[in-house]
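Since the structure of chain A is provided, determine the placement of chain B on it from the hints.
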Amino acid sequence: MSLSESEILRFSRHIILREVGGRGQKRLKGAHVLVAGLGSAGSSAALYLKAAGIGAMTLWDDGVVSSGDLAGSVVHAQERIGMARARSAAFTLARLYQEGELTVLDRETDLLMGLAAFDAILLANGPWEAIIQEAERLGIPVVLTAAHRGEGAVTVIAPDGPCFGCMPERLRLLAGLYQEEGDGAVAPAAGVVGTMAAAEVLKRLLGVGEGLAGRILRWDGWDATVHEFAWGENCVHKTEKA
Amino acid sequence: MTGFSLAERARLQNASVLLIGLGGLGSPIALQLAAAGVGRLGLCDPDEVDLSNLQRQVAHGDPDVGRPKIESAAAKLWSIRPELQLDLIKEPLTSSNALDLFRTVDLIVDGSDNFATRYLANDAAFLTGKPLVHGSISRWDGQVSVFATGGPCYRCLHPEPPPPGSVPSCAEAGVIGILPGTIGSVMAMEAIKWLLGRGAPLQGRVLTYNALWQEWGELRLRPRLDCPLCGPNPTLTKLIDYEQFCGGMLG
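Residue numbers (our numbering), protein chains in the order written: chain A, 28 to 269; chain B, 11 to 261.
With the rest of the complex left out, here is chain A (with noise of 0.2 Å):
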């Protein structure tokens, strides 16, 4: 895998930084990223993928753009309502960066046999429990995130830290990791969760910086704070793993 003259161009700002480097701008172009959930935050999310040189994706959600999705989400039109989302959000990406592979899935089943083939996945939004339980069987890092209204948050599920079972669902619940009808968030909200979200997927291909295994973080946009709540510490998968 090389970059080309106008990738290294294209991709300037991110070679000179220490952690990224040529070698790490082809790490993200070999990669392989599954986003699932294009509603609010996985909007952002895929877009700022998509503009890093992630050098595959594949989209997935079971939805139709509506008039709803345009007032949280950043990657669809208003000509494309009624559109399935991944696709709508595929067009946005092709136009952005028309080099690299993207792929749309609008099915479940299609989603959850495939999974072997990412090398992270950033989840947004479907069947959760089953894309975490099948990502932990075959190692894949899943970055997890969901925004309502001004709020949102973020955590990392991994094969070096804490397994899923071992979130207490009332500190998920607590800290709004949790899926809902209608994606009632305030855009620039699931903008902040959904581009920390992407930076953590990015960090893990990069191999840089310190993750979010093991920690949630809370962004409430109303008062501008975050909150930081730790879980997973007692985890035995964890130390089986290591």
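For the record, the hints were derived by calculation from the structure and aren't laboratory data. Fair warning: there could be bad hints in the mix.
What the hints assert, rightly or not - Distance ranges between label pairs, derived from CB positions: (1) ASP60(B) to GLU135(A): 39 to 45 Å; (2) ALA17(B) to TYR205(A): 45 to 51 Å; (3) LEU229(B) to GLU156(A): 39 to 45 Å; (4) MET110(A) to GLY257(B): 49 to 55 Å; (5) ALA121(A) to ASP60(B): 45 to 51 Å.
Computed from a predicted structure; not experimentally measured. No residue lacks a Cβ here, since even glycine has one placed at the ideal position from N, Cα and C.
Positioned in the frame of chain A, the structure of chain B alone reads:
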């Protein structure tokens, strides 16, 4: 569906925001303010889209390289909200146009990438009595604050511009492409909060973020008694030459 009450939606629909810069910060700010239902946006940027912008400036795409950023962004914004009112200003913000541009809007969001523009936006916002949402980014770090009547202002945070060449630009230092997405989103949220008079704004608070370590922090910022702009004995009562003030250094 939107997280706003009917009354709040009407308020946003009647609001007018001026956005300085349609780059890394300006892209998510414009997209989100449009999505959230702000009625009128002024887009102020003199530049054209460059290939090296596309790693982070998500209001633009491959077919937009070479096109004015305000036009490229406008097309994207209208695809989300065809009824959005846009004022396209293909000029840099200067001491001669700033006061007029600021007077006609409810709030200004500064998505610029250089010190001269930041001081200018700060002074012009204070002199016209308009709230200003400030943000900046470098490498993996960013910060956001709100400057409004009563202070503090950007000059309380940075009384002096840094010596020319001492602070590297994004081109020199690099920036992780996702960072302006997060910081710009926080800025858009602050704009909405201010327009709605809801929540706790970042006035007198500087929110800091590092994406590499996922660390958020907050600094308390007090108005400086010796601030030449917002202090009790102001010496700055009109706009100055900001290029000269910042040593002619851009970025």
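Hints, verified against the model:
1. ASP60(B) to GLU135(A): 39 to 45 Å: At roughly 41 Å between Cβ atoms, GLU135(A) and ASP60(B) fall inside 39 to 45 Å, so the hint holds.
2. ALA17(B) to TYR205(A): 45 to 51 Å: 28 Å, violated
3. LEU229(B) to GLU156(A): 39 to 45 Å: 40 Å, holds
4. MET110(A) to GLY257(B): 49 to 55 Å: 52 Å, holds
5. ALA121(A) to ASP60(B): 45 to 51 Å: 20 Å, violated
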